[in-house]
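Input sequences plus hints: build the corresponding full structure.
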Amino acid sequence: MPNELVLLTGASGQIGFRTLIQALSSGYHVRAAVRSQRKQDLIANASATQPYLKQLSFVHVTDFEKDGAFDDAVQGVSYIIHIASPLSDAGTDVQRDIVQPAIRGTLSILDSASKASSVKRVVITSSSLATWSFAPDPYTASDFQPDPEVPKEPGFFAYAASKKLALNRTRDWVQEKKPGFAVINIMPSFVWGRNENATTRADLAQGSNGMLLKLALGGANIDQGFPNSACHVDDVAEVHVRALDVPDVGPLRNFGVGWSKEKWQWDDIKEIARKHYPEAFEDGTFVSSGSIKSAEMAFDASETEKTLGIEFKSLETAIKDLAGQYLELK
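Quick note: the sequence shown uses the UniProt record's numbering, first residue 1, plus one each step.
Treat the hints as calculated values from the structure; they're not laboratory data.
Misleading hints may appear alongside valid ones.
[To be verified] In silico DSS-like cross-links for lysine-lysine, where the CA-CA straight-line distance does not exceed 30 angstroms: (1) K313 to K261; (2) K263 to K313; (3) K263 to K306; (4) K214 to K152.
Now the structure itself:
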């Protein structure tokens, strides 16, 4: 409920910062777990946080993977939102830099939460990739996949493996520990939209945003098929916050975020961007060359809209917001 305290990790990232503002504007008090003073200053000095500084506090946790890392941070909190997790380009060693941090960071915060009697619910950022079999068949956030073989090289499939493994170890943990709080996994598709902390185009071109800008607006030619499933960052943030008090979730629940009704192909994105920003194509900022073959990723997240009473923003809105911010920045 609003006015209660939320522990939030990953608040300096695109999803994390947008979720932070969503939680603060919804009336929650937030304790942001940060790894450094630099990240604390980035969050505290951002224009979007200024109206809510009285609701915002910080705790430094330098090593999220360490046993007991969050023991002090969880004291007195009612809810936890754990967003921090490595991206596909986090390093060169897949196990060390991507897979194990995703698993150990999640289990570390769950273990600490189980020691604090005040915790009512833990919300974890997973991914739509975590329950995808890589087949074109329709699937939902409620499906589970067996542990995958982990690729030796970093990239898309290594990231997908880390999300599958982190989700499966979370399920194992809940079944074994039977905690006194609910655990909810939020499973977004590729996340697009404005990044309120980006001050340059290089800042904006991180994570899923960078993938869209590079693939769809940079003239790339990809013919092996790239998954066509995405969502707006605003919806991801709203689902995280609404999940804090949605009733009747049981001990473990998954909520997907993605466009289930809207069918699109990667090459559609350039036409949407051209519709709103024709001058950017005329001056060469965006280019029309190249083509990306789409691979069907039939992720059905409609149950989230129904359960939480929201309607996800459209593909066009996400493209307009992201391309618009890119043009604003230098």
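Legend entry - Hint consistency between K263 and K306 [alpha-carbon to alpha-carbon, up to 30 angstroms]: Judged against 30 angstroms, a Cα distance of about 19 angstroms means the pair holds.
Inset, instruction - Could you grab the alpha-carbon distance between K214 and K152 and see if it respects the 30 angstroms cut-off? - result: Answer holds: K214 to K152 is near 24 angstroms, not above 30 angstroms.
Legend entry - Pairwise hint evaluation, K313 against K263, where the allowed Cα distance is 30 angstroms at most: holds (14 angstroms)
Inset, instruction - Assess, step by step, whether the Cα of K313 is no farther than 30 angstroms from the Cα of K261, and give holds or violated. - result: Satisfied, since the Cα-Cα distance of roughly 11 angstroms is no more than 30 angstroms.
Violated hints for the displayed structure: none, as all numbered hints are satisfied.
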